[in-house]
Each structure stands twice: as C-alpha cells, then as structure tokens.
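Q: Chain residues, written in single-letter form:
Protein chains: 2
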Amino acid sequence: MSYRSPVNDIRFILDHVVPLAPVAETEMFAEATPDMVEAILTEGGRLCDEVIAPTNRDGDLTPTKLENGVVRSAPGFKEALQALAEGGWVGIAADPEYGGMGLPQAINVGFNDMLSGANLSLQLNPLLTQGQIEALEHHASDELKALYLPKLISGEWSGTMNLTEPQAGSDVGALRTKAEPNGDGTYAITGQKIFITWGDSDVVSNVCHLVLARLPDAAPGTKGISLFMVPKFIPDENGNPGVANSLKVVSLEHKLGIHGSPTCVMSYEGATGWMVGGEHKGMAAMFTMMNNARLNVGAQGIGVAEAAYQKALEYAKDRVQFTPIVEHADVRRMLAEMKAEIFAARAIALACGVAIDMGRATGKESWQARAALLTPIAKAYGTDMGIRVTNTGVQVHGGMGYIEETGAAQFARDVRITAIYEGTNGIQAMDLVGRKMMDDGAAACRLLQEVEDEAQAARSEFPVLAEDVWQAAEAMREHTEWMIGQGMQDRFAGAVPYLDAFARVLGGYYHLRAAMAEGRNSARGHLAAVYIRRLMPIYAASLAEAKEGAEGLYALSVEDLEA
Amino acid sequence: MSYRSPVNDIRFILDHVVPLAPVAETEMFAEATPDMVEAILTEGGRLCDEVIAPTNRDGDLTPTKLENGVVRSAPGFKEALQALAEGGWVGIAADPEYGGMGLPQAINVGFNDMLSGANLSLQLNPLLTQGQIEALEHHASDELKALYLPKLISGEWSGTMNLTEPQAGSDVGALRTKAEPNGDGTYAITGQKIFITWGDSDVVSNVCHLVLARLPDAAPGTKGISLFMVPKFIPDENGNPGVANSLKVVSLEHKLGIHGSPTCVMSYEGATGWMVGGEHKGMAAMFTMMNNARLNVGAQGIGVAEAAYQKALEYAKDRVQFTPIVEHADVRRMLAEMKAEIFAARAIALACGVAIDMGRATGKESWQARAALLTPIAKAYGTDMGIRVTNTGVQVHGGMGYIEETGAAQFARDVRITAIYEGTNGIQAMDLVGRKMMDDGAAACRLLQEVEDEAQAARSEFPVLAEDVWQAAEAMREHTEWMIGQGMQDRFAGAVPYLDAFARVLGGYYHLRAAMAEGRNSARGHLAAVYIRRLMPIYAASLAEAKEGAEGLYALSVEDLEA
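Chains as they are written, first to last, in UniProt numbering: chain F, 1 to 563; chain A, 1 to 563.
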C-alpha cells in the first residue's frame with residue numbers, strides 16, 4: 001500500500017466548506033480559478049505520491065550525517081527535492097516578480113499538507129525556504145531581494161531560521177549572538193544557534209541563514225534584536241555562491257523522529273551578514289516568517305495524520321482476526337474518528353489560509369484579524385490531532401504497530417515535534433488568549449456568530465447536529481466573554497484547553513457545512529455525525545478545565561509537586 | 001536528577017485510600033502488618049532507585065542482541081536482575097511452600113509500579129516469571145510444581161508466555177502450534193510463536209516457556225487449546241538444566257521502545273513439553289497468567305508515567321525562560337495534571353490488588369467480582385494514562401524533549417507497548433462491557449454505590465468536589481443500567497470510552513478519599529481538586545461517545561473510509 005495525497009478532500013473543502021471562490025474573485029488571485037486549482041493540486045498530489053512518498057522510510061532508516069563538516073542527506077532526498085524545485089513548488093505562493101507562482105496561501109497549505117504526508121522530514125526543507133521568502137519579500141532591501149529571492153523561489157538555494165540558543169527558547173529575548181558593524185554596511189555575526197532545521201545539506205548550492213542577533217548598542221530583551229541574512233557561501237558579483245562564510249555546523253541532534261531532516265547546532269564566527277528589516281526590528285521580520293510557518297506546521301500535523309490513517313485503514317482491511325478487523329466495532333470507531341478529526345483540522349487550516357489570502361487581497365482588517373485568530377488554532381489543533389491520530393494508528397496495528405518495520409510508529413515519532421517547534425502549542429494557546437484577544441474577543445465572537453448563523457440555517461436538514469453545533473458555539477461565546485474579564489494568569493492557565501475547545505467547535509461547524517453540501521445520507525453527513533456527536537463534546541470538558549483558572553494550580557507549591 | 005520510587009504515595013494509598021488493613025486482618029495475609037509493608041516497600045524502593053534505575057538508559061542505547069542463537073542482554077541487566085532475585089522480589093506474592101514471600105498482590109502491584117519506573121524493559125523479566133508462577137501454582141501437577149516453582153520463585157530461572165502466532169493475535173483460537181503425545185507422558189511441540197518477551201537471555205540458567213498448542217484431536221478455536229511447559233534446557237534428575245530442548249530464537253524484533261527487553265520469534269521443532277492444566281484446558285490456565293499480568297501491566301504504565309513526571313518536574317525547576325518554567329501557568333498545569341492522573345491510576349491499580357487479595361483470602365464472590373471488574377480498568381487506564389503523561393513529559397521539555405539524549409522521549413517510546421500487549425486496551429474494554437457485565441452490572445453498581453455513599457459523607461468538608469463525584473457516579477450508574485439493555489455490538493462500539501469514563505469517576509473518588517484523609521488545605525486536597533475539576537469532567541464526553549453505539553460507525557462503509 002502506498003500513500004495517496006488527499007486531493008479530493010482538499011478540493012471539496014475549498015469548493016464547499018471554506019470556499020476559495022471569494023479569493024479567486026480578487027484581483028490579486030484572479031488566476032486561482034477552479035480549473036487552475038484542480039490542475040495544481042492534482043499535479044502536486046501526483047508528485048507527492050510518486051516521487052516524494054517513496055523516500056519517507058529511507059529518511060527514517062538512514063538519518064542525515066555530518067561528514068567533514070557537510071551534512072549528507074538521506075538517500076533519494078536530493079533527487080526528490082530537485083523534482084520539487086523544478087516543478088516550481090517552493091514558490092507556489094511567492095511573488096511572480098521574482099519567479100513565484102503568486103497563488104493563494106490556501107493552495108500552499110493544501111500542498112504542504114499533501115507533502116507532509118508524503119515525507120515530513122523532506123517537506124521541512126521547502127517549508128523553511130518559503131518562510132524565508134515571505135520574510136524577505138516584506139522586510140528586505142531591494143538589493144537583497146533581487147539577489148536572494150530568485151534563487152530561493154526556484155529552489156536552487158534553501159533557507160533557514162536561526163532563533164534558538166541554549167538559554168533562549170520560548171524566551172527569544174535572552175539570545176546573545178552578536179552583530180558588529182564591519183563599516184561597509186555588512187555585519188560580523190558571532191554566536192551559537194541550536195535546533196536549526198536543514199541548517200546544512202548537500203542538496204542545494206547555497207544555504208541562506210536568517211539569524212537573530214544583537215547590535216552592540218542593543219537594548220536587552222526582544223526590543224534589541226535585529227535580523228541578518230548570513231549565507232553559507234557569499235554570493236559573488238554574478239550572484240553565484242562564492243567564498244565560504246565563517247560559519248559551520250558543529251553537530252547534528254539525535255532525535256525521536258524526522259531523522260531525514262538535519263537538526264543542526266550552528267556556529268557563527270564573525271560570519272558576514274546583511275541586515276534585514278532595520279536596526280532592532282528583527283522580531284517583526286521574524287514574526288512574518290513564523291506566522292507563515294505556524295499555519296504550515298499545522299498542515300504538517302494533518303498530513304502525517306492522513307498518512308497514518310491510510311496505513312491503519314489498509315492494515316485493518318487486510319488483517320483477519322475472526323473477520324477483517326475493520327469490521328470490529330472498536331477498530332471501526334478508531335478509524336472513523338481518525339478520519340473525522342483529520343477532516344476537521346484540515347478545514348480549519350484551509351480556513352486560515354483563505355483568511356490570510358482575503359486579508360492580503362482586500363486589505364480588510366476583519367479578514368486579517370480572522371487569519372491572526374485562526375493561526376494558533378490551526379497550528380496547535382493540527383499538531384495535537386496529529387499526535388492523537390498517529391498514536392491511534394499504532395493502536396489499530398496492535399503488536400505490529402510497535403515493530404519499527406511496519407512504519408506506523410515512524411508517523412508517531414515524526415509528528416511529535418510539530419507540537420513543539422515554531423512555538424510550542426502552549427505558546428500558541430497563550431497567543432490566542434492574549435495577543436489575539438486584544439480586541440476584547442471581537443474577532444472570535446464574529447467567527448462564532450457565523451457558526452451560530454450557519455447552524456441555524458442547517459436546522460431543518462440536520463436538526464440534531466445543527467443544535468449541537470449551535471449550543472457549542474454559544475457556550476464558546478459565553479466563555480470567551482467571561483474570559484475577557486479575567487487576568488492574564490488565569491487566561492494562560494486555561495489557554496490550552498480553551499484553544500482545544502475552540503478548535504472542536506470549529507471542527508463541528510466545518511463538518512456541518514460538509515454535511516449540508518452533500519446531504520443527509522451522504523458519507524460526509526455520516527462523518528459529520530461521528531465528529532459532532534463523538535468528538536466535539538469534549539469541548540465542554542475543555543471549557544470546564546479552562547474556567548478553573550490559575551489559583552488551584554498554584555495552590556500546589558513546587559514542594560507539593562515534588563512530594 | 002535520578003528516579004525516586006514513589007514509596008510515600010503507595011503507602012499513603014494503602015493506608016488511607018484503598019486500605020490494606022482488611023487484607024492484613026485475614027489469616028492468609030496476617031504477616032502484612034503496616035510495619036512489614038513499610039519495610040518491604042522502603043527496601044524495594046531503595047533497590048529500584050539505586051540498582052535498577054541506573055540501567056535504564058543503557059537498555060535503550062544498547063538493545064539486546066541475538067548472537068549465535070543466544071540473546072545477549074543489555075549492559076548491567078544481568079547484575080540488576082540478580083540483585084532482584086537475591087532480594088526475593090520475584091516471589092513476593094508467591095507461595096511460601098515453594099520459597100515465596102506470600103505477601104498480598106497489592107504489595108506486588110506497588111513494587112511493580114516502582115520497578116517499572118526504574119526500568120520497564122528489565123521489569124518485564126520478573127513480571128512474566130510471576131505470571132508463570134501463578135499459572136503453575138493453580139494448574140500444574142505437584143511434580144511440575146516441585147521441579148519448577150522453587151527455581152522460578154528464586155529467580156534462578158525465568159518464565160515466558162507463548163500465545164501469539166502470526167495469524168493468531170487477539171484471535172488466540174486461530175493458533176496452529178501442534179502438540180503430539182510422545183507416549184511417555186510428554187509431548188512434542190512444533191510451531192512458531194511471535195512477540196515472546198524475554199524469550200531468551202543470558203541472565204538466567206534456564207528459560208521456561210508456557211506454550212499454547214493443539215493436541216491432534218483438538219476442536220477448532222479456543223476450546224481445543226492446551227498448555228505446555230517447554231523448558232529451554234530439560235531438567236536432569238537433580239532438577240538442574242540438562243540437555244538442550246528442540247527450540248530456538250529465530251530473530252529479535254526491532255521495536256519503538258523497550259529496547260532492553262528482547263522480543264523473540266520462537267521456533268519449536270518437536271520440543272519436549274509437559275502438559276499444564278489438562279487436555280484442552282489451556283485457555284483457563286493461560287488466563288490465570290494473563291489476569292495477573294494485566295493488572296501489573298497497568299502498574300507499568302503508572303511507573304513509567306511517574307518516572308516521566310519526575311524528570312519533567314526536575315527540568316521545569318531548572319529551565320529558566322524569564323523565570324523557571326515551573327512558574328509558568330501552562331507548565332504548572334501540565335505538571336499538576338500529570339501528578340493528579342498518576343495518583344488516580346495508582347489508586348485504581350492498588351484497589352484492584354486489594355480486591356484480588358480479599359477475594360483470595362476470604363473466598364467471597366463480591367471481592368472476586370470487584371477484582372475482575374477492576375482488572376481491565378486498571379490495565380487500560382493505567383497504560384492510556386501512561387501514554388498521555390509521558391507525552392506531556394516530552395512537551396514540558398520543549399525542544400529538548402525531542403532530543404533522545406534527554407531521556408524524556410524514551411519513556412514515551414517504552415510505555416507505548418503497554419496499551420497493546422496482554423490484550424489491547426480495546427480488548428480490555430470489551431472484556432469490561434461484555435464478560436464483566438454478565439452479572440447485569442451488579443458488581444459495577446455496587447462499586448458506584450460505594451462511591452456515592454462516600455461522596456455523600458464528604459459533602460460537609462468538600463461540598464464542591466463531593467457533589468462533582470456524586471454526580472459523576474450517578475451518571476455512570478445510569479449509563480451502566482442503560483448499557484445492560486443494549487446489544488453487544490453497541491456495547492463494543494462504546495467500550496473504550498465507557499472504560500475511560502469509569503476510570504475517571506473512580507479516579508475522582510480515590511482523590512476525594514485522599515483529600516478527606518488530609519483535609520481541606522492539604523496538598524492532597526489541592527491535588528484532588530485538580531483531578532476532579534479539570535480531568536474528571538471528560539467522563540461526560542466519554543459517556544456521550546459511548547452512548548452513540550455502533551450504527552453511526554457502520555453507516556460509513558469501508559469504501560467511505562477509503563474515499
């Protein structure tokens with residue numbers, strides 16, 4: 001059995017659940033006609049299925065290696081990444097002025113979903129490059145853009161993001177890497193960075209590092225951080241890789257999963273860098289990169305879950321214990337719930353993509369606020385769901401799931417990182433209840449109002465499911481209004497369950513829309529019932545947990561926790 | 001930081017939550033006085049902390065190997081297992097007539113919990129031996145008992161259980177291994193078995209296999225299965241290991257975790273075996289072994305969760321991001337919930353142990369029924385909780401959790417198998433709603449009545465928590481009564497969530513008892529509030545899922561699942 005990209009589901013969602021049509025009606029994305037979208041997704045799906053997916057096990061079994069200071073990629077990765085680059089897939093959403101396809105982010109999210117299911121380790125390479133492209137488009141000088149963007153968009157070069165240092169993880173402001181002016185407009189970058197994904201490889205001719213560092217006069221904390229482009233090879237006068245820069249890969253991490261993706265400790269020793277985005281404005285530029293990446297990390301969770309689901313279903317059809325185990329009620333339950341959760345998370349991620357596109361194309365603040373609201377939800381729910389679904393995938397396989405050769409365990413190992421990087425899911429949830437509620441919950445309540453209105457409209461055809469969704473949205477709205485009155489500590493204590501509840505309500509809503517599109521006795525109608533009746537109700541427990549606030553947690557002292 | 005066995009929690013539970021006192025009042029367990037229990041657990045804890053735990057990482061990093069047909073154990077394992085054997089720990093609960101300590105199963109469960117936290121791979125060795133001891137005590141001839149029990153109880157020899165074959169997993173009745181009479185009272189055993197834990201090793205002088213096989217005239221299915229003792233070396237006239245039997249280890253599995261525990265493919269080629277428990281009565285004997293093992297697999301999940309919790313707490317105290325992250329609300333929430341879940345599962349497992357002991361010592365059917373009811377709950381909740389808590393342990397570590405050297409990921413990899421072996425958690429749940437409800441829910445309702453009565457009594461001191469627990473028990477009772485009227489397919493479809501709900505209600509109950517014992521402003525009172533207010537409420541969502549039954553699942557055809 002082999003991986004089959006979920007082209008149909010993505011197309012169905014963009015046609016009926018979170019319509020792409022309004023995006024295609026804007027001037028910016030006029031090319032994204034239904035025919036174009038179909039052609040792009042179909043072609044992308046074929047590439048994922050036929051070229052990328054066959055490399056996935058090799059990446060796990062033959063991890064990347066550091067040899068004489070150069071990272072050797074896993075077998076087949078170089079050819080697969082070249083095929084991706086040649087198809088123009090790195091630059092799907094990039095500016096056509098520099099060679100990009102200029103397509104909506106929603107399409108890119110769908111493609112990243114498919115690509116992650118095919119090979120998560122490999123997908124990380126173009127994903128980081130895409131984030132860098134977006135950061136440069138928004139914040140780099142015209143000179144840097146002209147030099148770097150065409151090479152990044154074509155996939156000739158790849159990009160990385162360098163934030164973390166041993167003492168500076170979630171607290172980025174604690175970073176110590178220095179940037180000293182060389183007097184010629186460039187800077188000398190010195191410091192150590194850790195957890196640098198695809199920090200080096202033998203698949204591209206240059207690796208472009210975006211590095212956060214401090215100028216000599218910088219204020220402490222995040223206000224004193226600037227961003228620098230630090231290429232592995234300094235481009236010569238023709239824009240080709242020239243002399244080697246003063247940087248190196250010190251070591252590779254030995255990780256639970258994504259063995260095909262090199263996670264590097266990087267050392268910069270007076271490396272030459274070019275500033276991106278102005279003095280002390282590094283965080284703003286980095287956030288551009290991270291916001292893009294966060295949504296697409298959500299897509300990673302969904303893609304890997306899809307691959308795990310397909311594998312579990314195939315096993316359940318083949319494995320006979322009395323009957324094929326797909327006929328056993330508990331196995332049927334696991335599979336149906338896996339499928340229902342994947343659909344919910346996929347719809348949320350695509351809704352976020354559509355909101356980003358509408359925000360860009362129309363400049364309307366309401367769309368931008370929706371995109372901002374949905375980004376942490378798409379990231380955290382997509383990846384938490386990915387962990388749950390891949391774990392269930394192992395369970396469906398029984399004892400075989402624990403044997404590495406089966407491949408079910410690889411999905412669970414690989415996807416585990418997605419809940420941690422690009423801001424842990426705890427950070428996502430705090431972003432949701434903090435920064436994303438600075439409008440006193442206006443954007444959240446507008447979205448919940450939409451859910452209630454649509455649920456209202458669905459009552460005649462789906463009386464039970466529509467009522468459930470309406471009630472859930474109403475509870476979510478009441479909770480949100482209550483939460484706005486609480487202090488930040490209490491909000492943070494309930495942030496993770498609040499985000500979970502919000503995602504489940506949205507998941508129920510998008511399932512209801514799918515059911516409405518296909519009718520009462522359709523497969524999508526049945527799947528909606530699985531989600532709304534069996535998985536959505538957890539929102540109430542999550543809200544109960546969120547409502548408890550911080551007091552009860554701190555009532556237990558650290559000594560109590562140790563006892 | 002190093003592992004510290006949870007001696008205090010186990011003692012507290014046996015003193016105040018699921019009292020061991022009535023067990024110690026029986027003639028059979030009169031030796032289990034509070035002083036004795038304290039001495040045993042303290043000494044056992046010291047052994048786990050000082051001798052066993054230091055071998056845990058080595059087992060992961062240096063997996064067992066098959067060399068020239070012999071399994072080489074991981075570094076330090078032989079010495080650690082010898083220390084265990086010399087301390088008499090293998091035979092804690094075994095018959096004193098053959099050298100056992102004859103202590104209550106509850107103590108053994110507590111010890112297995114501590115030992116699993118120290119090193120799960122290693123603990124599997126005595127665990128399987130303990131199960132075999134119990135099966136032999138109940139079903140073997142006096143001759144076999146005299147020959148094997150002293151060696152197994154002393155830990156000189158180890159035991160295995162051989163059920164699974166490639167085509168026969170959950171459907172044990174599909175097994176094909178043959179047993180042909182040799183005419184001298186012995187049998188020739190021929191067949192292949194898979195997933196045989198500690199199927200061989202270099203730490204003991206003999207390995208005793210209990211093998212399920214079919215006599216030539218056997219009926220198909222489980223009714224035609226007999227059980228045989230098939231030693232690696234046939235004991236000579238002095239009871240010492242003599243000539244090698246016709247069996248071998250074909251290969252070892254490459255697994256997600258428990259790398260220190262060899263999982264063997266075994267081949268029996270006319271190996272000499274001795275029948276245990278009568279013709280075609282193999283399943284009954286094997287169930288004795290499995291019931292013991294199931295509860296202690298629950299203890300495995302709890303022990304590994306404990307170790308993961310301790311490691312995460314230590315990291316959260318040391319890791320500074322702004323402040324030590326243990327002060328961050330979301331990290332505090334994760335840690336408090338980990339601790340609360342571990343306590344709940346531990347109390348359930350010990351309650352099951354006490355019920356087993358009371359059933360044995362008093363012969364009362366009500367205790368035996370309670371033990372039977374609690375066994376699948378203790379197994380499935382203990383192991384599902386173990387998966388959740390070790391996963392959260394990785395999350396608390398952030399990026400470091402994904403790096404194998406940290407050790408947090410090992411706990412998550414190791415514990416994953418516990419939800420699968422000794423009957424998957426789906427099988428446990430079906431056992432609960434099927435076989436364990438053949439009394440029309442009488443045993444379940446008696447236990448829930450106890451919960452309600454105790455909650456009633458706790459109302460004045462803990463009005464909110466007591467009310468929550470009472471309501472939950474009442475909902476559980478109503479659901480149970482409703483379920484008894486449903487067909488088996490509907491019960492099975494809701495079995496897993498039903499078991500989860502039952503466990504959460506019991507977890508709330510035992511937390512309430514702990515709170516009552518220590519008072520309103522105690523740490524245990526605060527921890528009870530964390531569980532009852534934040535984690536127990538999921539029972540309602542689980543019951544909602546359980547109530548949906550099978551229809552909605554089968555409304556989705558296999559083709560729909562593939563679409």
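Hints are not guaranteed to be accurate.
All copies of an identical chain are treated as equivalent in the list; a pair is satisfied when it fits inside any one copy or across any two copies.
[What the hints assert, rightly or not] Listed next, the in silico SDA-like pairs over lysine to any residue satisfying Cα-Cα at most 25 angstroms (straight line):
id	residue 1	residue 2
1	Lys547	Gln471
2	Lys248	Phe233
3	Lys145	Lys317
4	Lys436	Asn8
5	Lys317	Glu253
6	Lys65	Glu404
7	Lys547	Arg388
8	Lys281	Ala174
9	Lys178	Val7
10	Lys145	Met437
11	Lys178	Gly76
12	Lys178	Glu143
13	Lys317	Gly173
14	Lys248	Asp318
15	Lys547	Glu474
16	Lys364	His138
17	Lys178	Gln167
18	Lys78	Glu143
19	Lys547	Glu467
20	Lys248	Pro54
21	Lys78	Ala442
22	Lys65	Glu405
23	Lys248	Asn8
24	Lys65	His254
Hint data in this document are derived by calculation from the structure and do not stem from the laboratory.
Q: With reference to the structure, classify each hint as holding or not holding.
A: Hint-by-hint comparison with the structure:
1. Lys547 / Gln471: Both, since 18 angstroms and 19 angstroms are each at most 25 angstroms.
2. Lys248 / Phe233: within (11 angstroms within a copy, 57 angstroms between copies)
3. Lys145 / Lys317: Intra 52 angstroms, inter 44 angstroms, cutoff 25 angstroms: neither.
4. Lys436 / Asn8: Neither: 32 angstroms inside a chain and 44 angstroms across chains, both beyond 25 angstroms.
5. Lys317 / Glu253: between (38 angstroms within a copy, 24 angstroms between copies)
6. Lys65 / Glu404: Answer is both: 21 angstroms inside a copy and 16 angstroms across each meet the 25 angstroms cutoff.
7. Lys547 / Arg388: both (24 angstroms within a copy, 22 angstroms between copies)
8. Lys281 / Ala174: Within. Shortest intra-copy distance 16 angstroms satisfies the 25 angstroms Cα cut-off; inter-copy 68 angstroms does not.
9. Lys178 / Val7: The answer is neither: 46 angstroms in one copy and 50 angstroms across copies each exceed 25 angstroms.
10. Lys145 / Met437: neither (34 angstroms within a copy, 70 angstroms between copies)
11. Lys178 / Gly76: neither (37 angstroms within a copy, 46 angstroms between copies)
12. Lys178 / Glu143: within (24 angstroms within a copy, 78 angstroms between copies)
13. Lys317 / Gly173: Result: close only across copies, 20 angstroms inter versus 52 angstroms intra.
14. Lys248 / Asp318: neither (49 angstroms within a copy, 29 angstroms between copies)
15. Lys547 / Glu474: Close inside one copy (16 angstroms) and across copies (24 angstroms); limit 25 angstroms.
16. Lys364 / His138: within (18 angstroms within a copy, 76 angstroms between copies)
17. Lys178 / Gln167: within (15 angstroms within a copy, 62 angstroms between copies)
18. Lys78 / Glu143: neither (29 angstroms within a copy, 66 angstroms between copies)
19. Lys547 / Glu467: both (23 angstroms within a copy, 18 angstroms between copies)
20. Lys248 / Pro54: Neither: 31 angstroms inside a copy, 36 angstroms across copies.
21. Lys78 / Ala442: The answer is neither: 47 angstroms in one copy and 64 angstroms across copies each exceed 25 angstroms.
22. Lys65 / Glu405: both (21 angstroms within a copy, 17 angstroms between copies)
23. Lys248 / Asn8: neither (44 angstroms within a copy, 50 angstroms between copies)
24. Lys65 / His254: Result: close both inside a copy and across copies, 10 angstroms intra and 22 angstroms inter.
Against the hints set out earlier in the document, violations occur for numbers 3, 4, 9, 10, 11, 14, 18, 20, 21 and 23.
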